[in-house]
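Once you've looked at the hints, dock chain C against the given chain L.
Number of protein chains: 2
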Amino acid sequence: MPEQKIIVQKYGGTSVATPERIMAVADRIGRYVNDGYSVVVVVSAMGKTTDTLVSLAGEISSKPSKREMDMLLSTGEQVTIALLAMALHEKDIDAISYTGSQVKIITDGNFSNARIQSISTDRIKESLFGNKVVIVAGFQGIDTEDNITTLGRGGSDTSAVALAAVLGTRDCEIYTDVQGVFTADPRVVTHPKKLEEISYEEMLELSRLGASVLHSRSVEFAKKYNIRLHVRSSFSLEQGTIVMPVEEMMEKFVISGVTTKADESKITIRDIPDRPGIASRLFNLLGDNKIYVNMIVQSTGIDNKASISFTVLKNDYDRAMELCESIKDEFGASGITSKKEIAIVSAVGVGMLSSYGVAGRMFDVLSEHGINIEMISTSETGISCVIDLDYMELAAKIIHKAFLEEEQQA
Amino acid sequence: MPEQKIIVQKYGGTSVATPERIMAVADRIGRYVNDGYSVVVVVSAMGKTTDTLVSLAGEISSKPSKREMDMLLSTGEQVTIALLAMALHEKDIDAISYTGSQVKIITDGNFSNARIQSISTDRIKESLFGNKVVIVAGFQGIDTEDNITTLGRGGSDTSAVALAAVLGTRDCEIYTDVQGVFTADPRVVTHPKKLEEISYEEMLELSRLGASVLHSRSVEFAKKYNIRLHVRSSFSLEQGTIVMPVEEMMEKFVISGVTTKADESKITIRDIPDRPGIASRLFNLLGDNKIYVNMIVQSTGIDNKASISFTVLKNDYDRAMELCESIKDEFGASGITSKKEIAIVSAVGVGMLSSYGVAGRMFDVLSEHGINIEMISTSETGISCVIDLDYMELAAKIIHKAFLEEEQQA
Chain L
0 MPEQKIIVQK YGGTSVATPE RIMAVADRIG RYVNDGYSVV VVVSAMGKTT DTLVSLAGEI
60 SSKPSKREMD MLLSTGEQVT IALLAMALHE KDIDAISYTG SQVKIITDGN FSNARIQSIS
120 TDRIKESLFG NKVVIVAGFQ GIDTEDNITT LGRGGSDTSA VALAAVLGTR DCEIYTDVQG
180 VFTADPRVVT HPKKLEEISY EEMLELSRLG ASVLHSRSVE FAKKYNIRLH VRSSFSLEQG
240 TIVMPVEEMM EKFVISGVTT KADESKITIR DIPDRPGIAS RLFNLLGDNK IYVNMIVQST
300 GIDNKASISF TVLKNDYDRA MELCESIKDE FGASGITSKK EIAIVSAVGV GMLSSYGVAG
360 RMFDVLSEHG INIEMISTSE TGISCVIDLD YMELAAKIIH KAFLEEEQQA
Chain C
0 MPEQKIIVQK YGGTSVATPE RIMAVADRIG RYVNDGYSVV VVVSAMGKTT DTLVSLAGEI
60 SSKPSKREMD MLLSTGEQVT IALLAMALHE KDIDAISYTG SQVKIITDGN FSNARIQSIS
120 TDRIKESLFG NKVVIVAGFQ GIDTEDNITT LGRGGSDTSA VALAAVLGTR DCEIYTDVQG
180 VFTADPRVVT HPKKLEEISY EEMLELSRLG ASVLHSRSVE FAKKYNIRLH VRSSFSLEQG
240 TIVMPVEEMM EKFVISGVTT KADESKITIR DIPDRPGIAS RLFNLLGDNK IYVNMIVQST
300 GIDNKASISF TVLKNDYDRA MELCESIKDE FGASGITSKK EIAIVSAVGV GMLSSYGVAG
360 RMFDVLSEHG INIEMISTSE TGISCVIDLD YMELAAKIIH KAFLEEEQQA
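Protein sequence lines, in the order shown, are assigned to chains L and C.
Heads up, the first sequence is in numbering that gives the first Met the number 0, so the first residue is 0 and it goes up one at a time.
Heads up, the second sequence is in numbering that gives the first Met the number 0, so the first residue is 0 and it goes up one at a time.
Since the hints were derived computationally from the structure, they do not count as laboratory data.
Only a predicted model underlies this, so the values are computations on that prediction, with no experimental measurement involved.
Treat each hint with caution, since some may be false.
For chains that are exact copies, the list does not tell them apart, and a pair is met inside one copy or across any two.
[Unchecked claim] Cross-link-like lysine-lysine pairs, in silico, DSSO-like; alpha carbons within 30 Å at most:
#1 Lys65 to Lys131
#2 Lys62 to Lys90
#3 Lys131 to Lys62
#4 Lys124 to Lys62
#5 Lys223 to Lys260
#6 Lys65 to Lys223
#7 Lys65 to Lys124
Chain L extracted, bound-state conformation (with noise of 0.2 Å):
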């Protein structure tokens, strides 16, 4: 008897919207089995259903304990599990469905956003053996007292990458309602492009940037563990992305994405004398407050004077304002300056390292169009531009032809 080959395939919400939605999935999973694959599958609530849950528990309480919302919650995956494993038999394929209590994914106590500790293979490879398809709802674990947690935001593809790992498989699928993962959003750019491949990095960068396809944490789980996430459409048959380690790679561009958020304001600090401690007091005390800030940029000016500006989620740009200004005379700032309306455009690549001139290129083509650039950060894999928000539109699409559709004429 041949090895068993095993992958894991994760169909999210919109995968499983409906119950024609769950019977053309089990076909799609029939053709994994017929290739003679071992099938192990993450499935998500269906559609709308926790929106639905959330607002049920809304009618009852302003804010519910998180240990009875995940209480709540985790039913959403249950009934997928349930009804999808019906559709493969109804398709006469052998499958059978676990709770993640029932598999023992295990998980630290934080309710609403757990961390996965352990999974136990036991009950998923003695079924695999007895060549059944296996279904483990996603999103959900247990912690070391048997309280049903869950996994926070994008937590079924962080179940089905750690199944991944843990069966010792490199092959994740995460099947969603879009191609793969594009170098733009297509609402901002006409013609992105699918990649094929990116690397962990990239995708991590995109991610945070704004493009919503995986959340990060799934992304790091799969770099951690080496595990390949082939990301693609649930209606078509087509390839979609894999994101995977940047040395296996076959091609390489130099930026593999443009992104644009609109939902951040930019605040500044001046002429604050320089010494130690002065940042570390202003971005605790915002932390504290539970404003996250994205892009911080400090200048040293004249007179050993130095100015602070950083990013925060335009909903919280009101309290951000009165933090800052309530601790201004506190650091002997000049003055504090804002725009509550701009936008963040970022080229991301892992070409950009070892290719010099990546920025000077992009502001370049920012400049020639007359669009200012107004903050300056940099990472690893990205460059991100503050700019005016009635510029982001054409920003992104000259940064995108400039990188990426120069490159395909070539």
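This is chain C only, laid out in the frame that chain L set:
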């Protein structure tokens, strides 16, 4: 510290049908907490949730796996326990919810109709000791291999009684949408009386003969473990009916209720030579074909020839007739007569055992009104008569009047 007074309360689907109803249930529980009770609550799925899930499964499979149906249906109760815990928290009452799995309600592996084998009280007692209201999902358990099972019709009542038994309390309240157990169906008899007390045996007989307020399995369970079941409405504060051992009853009526059934048919196989094995052959044949037989009457006539009359559900009538035709000659019977439309009217009461003449009085009453009795069957706690369907309501009214309304006037 005084000993804890534990009470188990079960709330059915209509009692928790909406968030508002769940808040009302929380208020009621709060009253018991204030009175010093340690409260264990068992809940059903909200309103029509179970029906909705069943039809969802029906869209995928006409004959879904029972294991997967149990996986699916058990989510209904899980939603309710979480919401009720939130509702109690909202009223500043400490509470915690548990699935059947979490309190180790161990059942046999008979999916969709499992029997409870044991319940672990450790976690429940620990929570009660910590002054928490404990909310347990009804209707569900797990088998010894950790598969989720459900208990079948009336399962949540059974969960509640079983919990009362293992927690060593006799107090179990069953909240429903009616005020208690009545002497007759108010759709048939105009002013039935609510019984303050009823014995287990009478309640079982009423359930068997068509009263749907409690499922017989939970009553059997209560009888076995000597639990007093208080059946009452969650929509009012009035006392309901207590189901209890006959020897504890304060007042005993000759009969406690009149029931009617209109969903059965009568079949008679005539003039069978009286030899051993005929009845066994007939009823095994019907049983093997999953035809449920209710009343059976055998009479021996002249020449040692016997006639066997029995009733079956109207839905099974055609199939039952076919089977009878197929063995008629083998039996040497002279023929088959049948009547598809009949009514069964029954009087139920433990008092009948000690009151000679109840049967006679019942027959008198029927005959005074010109109602012909086509078949009679008696048990320890009841007398049932098959009559013409047209006379069903009249028969119920006059029997109710003779036994239950005259007493009131006396």
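Here is what the structure says about each hint:
For the identical chains of this complex, Lys65 and Lys131 are inter-copy neighbours only, at 17 Å across copies versus 35 Å inside a copy, given an alpha-carbon limit of 30 Å. For the identical chains of this complex, Lys62 and Lys90 are inter-copy neighbours only, at 12 Å across copies versus 44 Å inside a copy, given an alpha-carbon limit of 30 Å. For a Cα distance limit of 30 Å, the shortest separation of Lys131 from Lys62 across copies, 19 Å, qualifies, whereas the shortest one inside one copy, 41 Å, does not. Only between protomers do Lys124 and Lys62 lie at most 30 Å apart by alpha-carbon distance; the minimum there is 27 Å, versus 40 Å within a single protomer.
Proximity of Lys223 and Lys260 under a CA criterion of 30 Å is satisfied intra-copy only: 28 Å inside one chain copy versus 67 Å between copies. Within a single copy, Lys65 and Lys223 get their C-alpha atoms as close as 28 Å, which meets the 30 Å cut-off; across copies the closest is 40 Å, which misses it. Proximity of Lys65 to Lys124 under the C-alpha cut-off of 30 Å is restricted to the inter-copy arrangement: shortest distance 23 Å between copies versus 32 Å within a copy.
When each numbered hint is compared with the structure, no violation occurs for any of them.
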